[in-house]
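Peer 1: Sequence:
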Amino acid sequence: MKKILCILFVLPLFCFGQVQETETDTSQTKYLIIKGDSIPRLAIDLDEVMLLHKLEFDSKEDRRRYLILKRKTLKVYHYAQLAATRLDTLNARLNRLEKKRDRKQYAKKIQRYIEGEFSDELKKLTRTEGQILIKLIHRQTGHTTFELIKELRNGWRAFWFNNTASLFDLSLKKEFDPMNVKEDYLIEDILQRNFQSGRLERQKDALGLDFFELTQKWLGDKPKTTQNTKTIERTN
Numbered sequence: 001m002k003k004i005l006c007i008l009f010v011l012p013l014f015c016f017g018q019v020q021e022t023e024t025d026t027s028q029t030k031y032l033i034i035k036g037d038s039i040p041r042l043a044i045d046l047d048e049v050m051l052l053h054k055l056e057f058d059s060k061e062d063r064r065r066y067l068i069l070k071r072k073t074l075k076v077y078h079y080a081q082l083a084a085t086r087l088d089t090l091n092a093r094l095n096r097l098e099k100k101r102d103r104k105q106y107a108k109k110i111q112r113y114i115e116g117e118f119s120d121e122l123k124k125l126t127r128t129e130g131q132i133l134i135k136l137i138h139r140q141t142g143h144t145t146f147e148l149i150k151e152l153r154n155g156w157r158a159f160w161f162n163n164t165a166s167l168f169d170l171s172l173k174k175e176f177d178p179m180n181v182k183e184d185y186l187i188e189d190i191l192q193r194n195f196q197s198g199r200l201e202r203q204k205d206a207l208g209l210d211f212f213e214l215t216q217k218w219l220g221d222k223p224k225t226t227q228n229t230k231t232i233e234r235t236n
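Just so you know, we're using the working numbering here: the sequence shown kicks off at 1 and counts up by one.
Heads up, some of the hints might be wrong.
Stated by the list, open to error - List of simulated lysine-lysine pairs, DSS-like, C-alpha gap at most 27 Å:
| hint | residue 1 | residue 2 |
| --- | --- | --- |
| 1 | K150 | K173 |
| 2 | K99 | K109 |
| 3 | K150 | K124 |
| 4 | K108 | K124 |
| 5 | K173 | K104 |
| 6 | K100 | K72 |
| 7 | K150 | K54 |
| 8 | K173 | K124 |
| 9 | K72 | K60 |
| 10 | K123 | K108 |
| 11 | K54 | K99 |
| 12 | K217 | K204 |
| 13 | K173 | K60 |
| 14 | K217 | K70 |
| 15 | K60 | K217 |
| 16 | K204 | K182 |
| 17 | K72 | K182 |
| 18 | K173 | K72 |
| 19 | K124 | K75 |
| 20 | K124 | K54 |
| 21 | K72 | K123 |
| 22 | K108 | K54 |
| 23 | K54 | K123 |
| 24 | K204 | K70 |
| 25 | K75 | K173 |
| 26 | K109 | K173 |
| 27 | K70 | K60 |
| 28 | K217 | K150 |
| 29 | K75 | K54 |
| 30 | K182 | K100 |
| 31 | K75 | K204 |
| 32 | K108 | K150 |
| 33 | K72 | K54 |
| 34 | K204 | K72 |
| 35 | K150 | K123 |
| 36 | K70 | K124 |
| 37 | K70 | K150 |
| 38 | K217 | K173 |
These are computed hints drawn from the structure, not numbers from a lab.
Given the sequences, and given the hints that come with them, work out the whole structure.
Peer 2: Printed below as a string of structure tokens:
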């Protein structure tokens, strides 16, 4: 288990107290042009916010399982996010190297750096945390761990690692499939809630997932979005 997890990462208005003094808004007014008339816009468009459905569970056991899944997902998401970032950096660098020898040496250098930085932490992951990590690597990179190893090392090594992982009920070929696997949908639900709360840093997935569609599939009720606006009161 330790050997398998160690190779996963080859891959502002201020108001003052005088009543007679009024602080005016110095921001530039935007206008809507409607049939030749200029109408000032008195609102600023902010980011779109997804209104997530309220969590409901059929039983205490379902709630307990969700909370356990949440804890494990939050624990390993950082590693999957880092894997995607490192992979982008690696590929960008490799694309600038012309010689095959230089590309190979650089790939090994990145591998040693990642393993040296995180191997001790990865060794502490449980089997289920390892499987969630494998799924999240697929979510973040668009490639299974098996594919990443095969591309960056060689096919035989990927095959051997996958067979070894199977002894621990792990598959490096495992994909993140929230449309067809309920647990994967719950993982995506956990991620979206923690992106919105700011607990996790949002990183766009590489699979083109649509959380509206996923929620419609599993719960039959779409989450809603609203466009936040901030109204500006102007003093004449």
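Peer 1: Against this structure, judge whether each hint is valid.
Peer 2: Structure-based check of each hint:
no. : hint         : verdict
1   : K150 to K173 : 11 Å, holds
2   : K99 to K109  : 16 Å, holds
3   : K150 to K124 : 25 Å, holds
4   : K108 to K124 : 24 Å, holds
5   : K173 to K104 : 24 Å, holds
6   : K100 to K72  : 39 Å, violated
7   : K150 to K54  : 42 Å, violated
8   : K173 to K124 : 21 Å, holds
9   : K72 to K60   : 19 Å, holds
10  : K123 to K108 : 20 Å, holds
11  : K54 to K99   : 54 Å, violated
12  : K217 to K204 : 21 Å, holds
13  : K173 to K60  : 33 Å, violated
14  : K217 to K70  : 21 Å, holds
15  : K60 to K217  : 23 Å, holds
16  : K204 to K182 : 21 Å, holds
17  : K72 to K182  : 16 Å, holds
18  : K173 to K72  : 20 Å, holds
19  : K124 to K75  : 11 Å, holds
20  : K124 to K54  : 33 Å, violated
21  : K72 to K123  : 15 Å, holds
22  : K108 to K54  : 46 Å, violated
23  : K54 to K123  : 36 Å, violated
24  : K204 to K70  : 19 Å, holds
25  : K75 to K173  : 21 Å, holds
26  : K109 to K173 : 25 Å, holds
27  : K70 to K60   : 15 Å, holds
28  : K217 to K150 : 34 Å, violated
29  : K75 to K54   : 23 Å, holds
30  : K182 to K100 : 43 Å, violated
31  : K75 to K204  : 18 Å, holds
32  : K108 to K150 : 14 Å, holds
33  : K72 to K54   : 21 Å, holds
34  : K204 to K72  : 20 Å, holds
35  : K150 to K123 : 22 Å, holds
36  : K70 to K124  : 18 Å, holds
37  : K70 to K150  : 30 Å, violated
38  : K217 to K173 : 25 Å, holds
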